[in-house]
Amino acid sequence: MIKISHIRKSFDGLEAVENVSLTVNSGSIYGLLGSNGAGKTTLLKLLSGLYVPDEGLISIDSQPVYENPEVKEKIFFIQDTPHFLPHYTTKQMAQFYESIYPRWSEERYQELVAIFQVDIHKKIHRFSKGIQRQVAFILALSTLPEVLILDEPLDGLDPVMRKKVKGLLIDDVAEREMTVLISSHNLREVEDLCDFVGIMHKGQMMIEKDLDDLKSDTHKVQIAFKSGAPVPPGIFDSVKVLHKEKRGSILLLIVKGKEEEVTASIEKYQPVIFDILPLTLEEIFIYEMGDVGYAVENILG
Amino acid sequence: MQSKISLVNKEIRKTILRSVGWVAIVHFLGLIFAIPLEILMTTTGEQRQYIRAESLFYFHFEIQAVLNIGIPVILAVFLFRFLQVKSYSDFMHSLPIKRDSLFHQFALTGIVILIMPVLLIAIIVSVLYNPLNLAEFFTWTDIFKWIGITIMFNLLVFLAGVFTGMISGISAVQGILTYIFLLLPMGLLILLGYNLPFYLYGFADRYVLESKIEAFSPLVALSQVSFRPLGAIEISIYCALILILYGLSLWVYKNRKLEAVTQSLVFPLLKPIFKYGMTFCTMLLGGLYFGIMEGNSTWLIVGYVLGAMLGYFVAEMVLQKSWRIIIHIKGLIIYAGVMALLVFLFQFDFTQFEKKVPDLSEIERIHLSDNSYLYSDNEDAFFLSTADNMDLIRRLHKDIIANKNNNALSNNNEHAFIVYELKNGKKLVRDYSIDKKKFAHFYKLIHESEEYKRVTNGIFKVKEDQIEKITIRPYGPIEKKAVIVDPIDMKEAIAVLKDEINASTYEETIDNRDPLASIEIRQKNEKTVGLEWRISYKLFEEWLDKKGLLDQAKVTAADISYAYIVDTNDLEINFVQGYSYEEIFEQMSKLGRAIKVTDKKRLEESLVNTSVMDDGPYMIGYYYKADGSIEIKSFQAENIPDYVQQYFK
Chain A
58 MIKISHIRKS
68 FDGLEAVENV
78 SLTVNSGSIY
88 GLLGSNGAGK
98 TTLLKLLSGL
108 YVPDEGLISI
118 DSQPVYENPE
128 VKEKIFFIQD
138 TPHFLPHYTT
148 KQMAQFYESI
158 YPRWSEERYQ
168 ELVAIFQVDI
178 HKKIHRFSKG
188 IQRQVAFILA
198 LSTLPEVLIL
208 DEPLDGLDPV
218 MRKKVKGLLI
228 DDVAEREMTV
238 LISSHNLREV
248 EDLCDFVGIM
258 HKGQMMIEKD
268 LDDLKSDTHK
278 VQIAFKSGAP
288 VPPGIFDSVK
298 VLHKEKRGSI
308 LLLIVKGKEE
318 EVTASIEKYQ
328 PVIFDILPLT
338 LEEIFIYEMG
348 DVGYAVENIL
358 G
Chain B
453 MQSKISLVNK
463 EIRKTILRSV
473 GWVAIVHFLG
483 LIFAIPLEIL
493 MTTTGEQRQY
503 IRAESLFYFH
513 FEIQAVLNIG
523 IPVILAVFLF
533 RFLQVKSYSD
543 FMHSLPIKRD
553 SLFHQFALTG
563 IVILIMPVLL
573 IAIIVSVLYN
583 PLNLAEFFTW
593 TDIFKWIGIT
603 IMFNLLVFLA
613 GVFTGMISGI
623 SAVQGILTYI
633 FLLLPMGLLI
643 LLGYNLPFYL
653 YGFADRYVLE
663 SKIEAFSPLV
673 ALSQVSFRPL
683 GAIEISIYCA
693 LILILYGLSL
703 WVYKNRKLEA
713 VTQSLVFPLL
723 KPIFKYGMTF
733 CTMLLGGLYF
743 GIMEGNSTWL
753 IVGYVLGAML
763 GYFVAEMVLQ
773 KSWRIIIHIK
783 GLIIYAGVMA
793 LLVFLFQFDF
803 TQFEKKVPDL
813 SEIERIHLSD
823 NSYLYSDNED
833 AFFLSTADNM
843 DLIRRLHKDI
853 IANKNNNALS
863 NNNEHAFIVY
873 ELKNGKKLVR
883 DYSIDKKKFA
893 HFYKLIHESE
903 EYKRVTNGIF
913 KVKEDQIEKI
923 TIRPYGPIEK
933 KAVIVDPIDM
943 KEAIAVLKDE
953 INASTYEETI
963 DNRDPLASIE
973 IRQKNEKTVG
983 LEWRISYKLF
993 EEWLDKKGLL
1003 DQAKVTAADI
1013 SYAYIVDTND
1023 LEINFVQGYS
1033 YEEIFEQMSK
1043 LGRAIKVTDK
1053 KRLEESLVNT
1063 SVMDDGPYMI
1073 GYYYKADGSI
1083 EIKSFQAENI
1093 PDYVQQYFK
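Heads up: the protein sequence lines correspond to chains A and B, in order. FYI, in the numbering used here the residues of the first sequence are 58 to 358. FYI, in the numbering used here the residues of the second sequence are 453 to 1101.
Please note that a few of the clues may not be correct.
Which stretches of chain A does chain B cover? Using the computed rule of at least three CB atoms under 8 Å from a CB of chain B, they are [stated by the list, open to error]: (1) 99-112; (2) 117-127; (3) 131-143; (4) 150-159.
Some chain B residues well away from chain A (every beta-carbon gap over 12 Å; in silico) [to be verified]: (5) 707; (6) 961; (7) 967; (8) 1080.
Read the hints as simulated data drawn from the structure, not as lab findings. Glycine included, C-beta positions come from ideal geometry on N, C-alpha and C.
Just chain B, with the same shape it has in the complex (with noise of 0.2 Å):
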């Protein structure tokens, strides 16, 4: 006899609709509420100006997010409502069909269900499109790609649900665990991000945190998907993980035992697997809360054993669907003993991964900074490939991790951040903080390299030809600045510029004195240059000097009408609350142990000396002739002038 039952059911696709219609009403009304209603209320009044829309996810963004996130898991818990009750369960599966055909015709009808009320809202969209000239504010394209994106998310989330809903036997289990399934790879990541420097030295922690994480979770990136578009990897393994949750989801069912209903979780193999995941992941946190935050390592095995113990007995309450619940002590023993053994092979490295420094042979080229922003989220990051400095950075890396105890106990918050571009495509990334001042013989021969001037300072890939002008403007409150236009003296700008960076020397370009001036280079059709007037570019100043611009380029002591010197323990200063110049010139004023200095020798003096820092010994208050502006700077250690230091012996 044929079968009745064909892949589509009327009846079957009767119930379903009559089950979770209310899902699409709901996810409907939301839409039209979120977009064309907006649309309409907008762009029809004197709001229209004021609409910076670039998609249509400029429109109640948060409505839209909310929606994505929540409608496809009710849809999901709803739709399989029939695999968590027992006699529901039960009356389904004594049915003449096949538990595939039953799984199609429902994955099938919520898909569709799912997308109708995004289309509809497209299709609303569309006819409000020539009338309200929405052009001004998106294309069509925008509108295609609002519907991909919207189903894909939609699509993926309701995947992730029917998934858990086939290896949970409660619907509250399938909805939490959805969520946490969702957000598991990246908090993952995060919590190992932040744990991992603690026994990988050199785990660069704040690179991988920095790069794309928010990928790793289509929640996170479908909250931010209207300012952070989506790239055309993280959307082919989106929609290659619908169709894999599609077809592991069918699989799952075909092997669900319907007994286990009810249960939290419907195989038994994944009992342990979520018990000790859930116990791995609390640690975890528990390790970030309480030691990164107190940042000893006493707290961070407090937060450890805490944290473990607190997903242990929740992952058993959840197993034993109860919180009055039989601890099974001796699971926790065998973790606490797996856990104590990889932090001990931690010690031993067993990874290799604190000692690996890679072959020169094998290195393309290496990035060398302070900060990790400098490498991944920059364009023109910068790169050393001569055989000299990398085989310098080799020698500092190799110094560093020689020396991990001592860097380890000083409290730095300098970084050496590398990364090791290899010949095979593959990169190898540290992080380590360290005090520079003690690996300064391997930063001097590096930043001394005519290779690591040429590639860290604009001026060199600066083209000639291109150069529109040069303009110094000066530090400080002033309205003053020089210009510099004429071609053939630009181009001696320039080279008297290049040859003051390609004489410096480390000390001088990391001294902490404030610079002279800020000097913009402006081209026509590259990047505007800007680096900065140091106080040793001397040759720089008697080139300023001979074209007559050496006044309007720095400030100098004629644009200020007096200064006090004061000891900084003399002032009040509120760090916390903030404070003004204003009020600091008047404490100055009236501080009987303070030097007024009026004049111009010594005023010169203190301008090259000083910097915006506040924490010198010696602070000086400048009033300014023009407008009565008052600058604060304060004398670092080495750079006291003689009298000053005579004054407050």
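Same shape as in the complex, but just chain A (with noise of 0.2 Å):
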């Protein structure tokens, strides 16, 4: 288990990181979110004990990072540009990290080249940026990582690619429970990929979320009533409305609640016309945070 509390990071005077708090369960993916400058990278570095906080504490499984082997051998943090070892080959990388890290699995890595088919025998700084990342995740999966911390690790591969690299996540997550933290600036991205996610913006963190929550819970309504006939009060009483408006006859609502429970109250007031209809995450986000969520809009799309 990841946790953070009230971290704060800055750089020359500039807060990079202010007062955030996080925690991640074991076995389950974090989205962290965020435009440039955002802050992610900071709290990705400080997490993987690269940065020492000004405030806060750092802990996986109830120890600190900073400086403590014994956590780090468990964790694995790929860069956003990932770097090897100057005129290094995949297989000496190998070799480098076998002798660094405990839990290196050799079968895991002969599987992973076998599956990304990969030149092992090849400078890595010949290869392209695609490839490049390819190998950082060979690499890092075959540590058997417990935390594997990616800072915007989709940038740069293809589509095929994306959903190898997805695939393999969500497999070594469900099979050992690996953790995942990872930073993104496109939440469709990640969307797919996450359990939380949780948006920065100027170094703080503007909203934390259970993505299963969020979209079993949030509905899109459309409601009419017969023509003229006013909206009854007591509709808004008996649902959570995060947000309405009205096109012409048309009554649109974005309502929290269980679908049922929605279906039912709604129901009752017998509208001649009645969709309920499932949410965009992006949506959702934009409903969810009221005005904030305008600001961050381009954050999410």
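Each chain sits in its own coordinate frame; assemble them with the hints.
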């Protein structure tokens, strides 16, 4: 379990991360969203034990990360542009990691090499960016990390590779209870992967949500009553309305609650038209966050 | 779970070798070329007889010095590249390895890489030692000394490079800063040494700069190691520095923040130190260049202002990593204010440096001379320790201080150099440029004292039973000499000379007329003592005459055919390009206004009244009988014979 509480980090007087708290349970995938400069990378580097926080505590399985090899053996951090030792081949990098990460699995490594079909005898820096990223995944997953920290990992991968990588991540989470923390500036990129998402803006955590709950609990409802009939006021009391809008005779509501309950309480008023529709994650966030939502709309696009 | 990372991880060592192994190869090849190859080439051929090797440093020392200065820094820069590249730094530090362990692995492997080539070369030289009979040039001890000194300097420069790597976040800055760091102590001493006399009246700049300041910079010390051997203290300080730098680097590294990668200086605290330190140094340098070269205080101030501004801007550029900088003029103004205050405080002698004259009771002994060389470069520097003399020197010192402004005004080239050696083991050293004539009353009393004569004249140390012979060589282009070998005569001669010295007055000792001859007293087991036969030593002349040695002991009128005396202004002498005696004599012979002297008496009179200095109002050219040699001398104003005065009136 990752626990971050009241973290603060500033660079040259500029606050990069301001009082952020975060908990990620073992075996879950946490998506850290935010536009450029929101503080995502800083937060990930704090978590990986690269930076020392100015204030606050960071722990993985109740142990501090900074300068603690015992914890760092269990985590793996892939930078936004993966780094490899100069002029190393994949094979040499594998040997290097094998000597450093005690949980390294040669079997897993061979398996992953076969999946990605990478030439392990070629110098990594000669590969394209996308393949370098694949090599980084191969190496990272071969160390069998308990916690995998990924900074913008899907950038530069083609859709087929993206799918492959996501599949591998989900497999490891399911099989080994691996915990994944993944940063992205694009919600759509990770919405099918994450259990939780947090949105950062200007160094602060604006919102944290369990995606399954969100998706099943928020609905778009369209209703219309007999021409001219007023909208019964009681309808707004029986359900939790996040947003309402009138388009001609049609009333559009964004409501929160279990689908059956919502349906039951609206049908009481016998509308002539009644539709209950799922929302895209993007829409949920915009409605959920109200005014702030519009400000960060482009993050989610 | 047991951590897999022990102190030495094979893969990390491999990484290090892959990235900096080439440095060791370059080092090795450079040394091969400089030493074993050179030995092979020179000792096997005819050149062998010309080898003057006393140590291994003899062979291509320039190359050795360049390697010693260059290789360790290159190694430090490339070895700790992972600290200066952002993604590399993040990569290395996300590994489950503690910083201590990372540092030890890199630094120690670096040290091995640095030392290996040196040891290999030593082995190669050892293999060649017997077959090539190298014992003729150096001993086994020399080989070990070479290993020790080379490794010591390599380690010191390397660890200085490592240390600057820890405080800097840019490889180029790391390299440059290393050299600044290694030169700074000596550079600062030189700069302060030249600048302080302006503020501290009596500061012995030449003494300070002549003493072993090379040792303050390992770089300078190592580039001189072939001719200036290292002292035990130097070696122990360098070794201590190696250990200190290692520990300090580790400590700094553990406290280094990774986000500061790519910044010139990683620790914010260092930025002002660097900025104002640089401003201060370039200010002193500006003062040195403009002020001391031009020699007046207006240029000195101009030099300070320009130097400080230059240094401040360059430091800002380095820190902001751009030449198009935002100038924080406020810092410069504050700096200028502080400096102005400092100069103001110096005016009031707030350190009490200028006024300080030790109490008689504190003083063990005193050295007083015209030149610091007589003290610092001299094993038997002389000292005065009688209460009378010490008190006189103190009074002279106080008088010089009291006349500070007068002394500063006149352009003097005479110095009063005073070293008080105190009873508590400390020293007080002062150097003043003065006009000695103004303080002649003190000098007369001191120089005429029995003690001063005894300690400054080697003849008083001569052991009479050790004397081998006494040789008297006349000054002048003439091949004659008087030699005394009879023990009784020698004893007498020494006694007469001692009397002459004891009787001579201060004025006689500073007489600028040339002495008649040089006297060399050779001793069997002791040092040869030399002294001059001054014009004033009449008793000695009589004694020589009595012994029939006078004609051989000095140039006499009989040695000279004739001489010309001319007014110096009538001659065209090219002082800059140089001139020969023959040319001048030629000119003299052609001048209408010249006295041709052939009269023996007048020649004798000239001989005892001239000096080789060419700045007197009248000049004389002697034509020697024996081989037609020519000698040009001049009459100083106070020693002009009457007939010369008359003629040129």
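To see whether the hints hold, each was checked on the structure:
Closer than 8 Å: that is the beta-carbon criterion, and the stretch 99-112 of chain A has 6 residues meeting it against chain B, so the requirement of 3 holds. Residue count for the stretch 117-127 of chain A with a Cβ under 8 Å from a Cβ of chain B: 3. That meets the three needed, and the coverage hint holds. Figure legend: the stretch 131-143 of chain A, annotated as covered by chain B; annotation consistent (8 residues with Cβ-Cβ distances under 8 Å, at least 3 required). With a threshold of 8 Å between beta carbons, the proposed coverage of the stretch 150-159 of chain A by chain B holds, since 7 of its residues qualify and at least three are required.
For residue 707 of chain B, the shortest C-beta to C-beta distance to chain A comes to about 9 Å, within the 12 Å cut-off, and the non-interface label is violated. The Cβ of residue 961 of chain B sits about 71 Å from the closest Cβ of chain A, beyond the 12 Å cut-off, so the non-interface label holds. Taking the minimum C-beta to C-beta distance to chain A, about 75 Å, the non-interface status of residue 967 of chain B holds against the 12 Å cut. The beta carbon of residue 1080 of chain B is kept farther than 12 Å from every beta carbon of chain A, the shortest such distance being approximately 80 Å.
Of the numbered hints given earlier, the model fails hint 5 alone.
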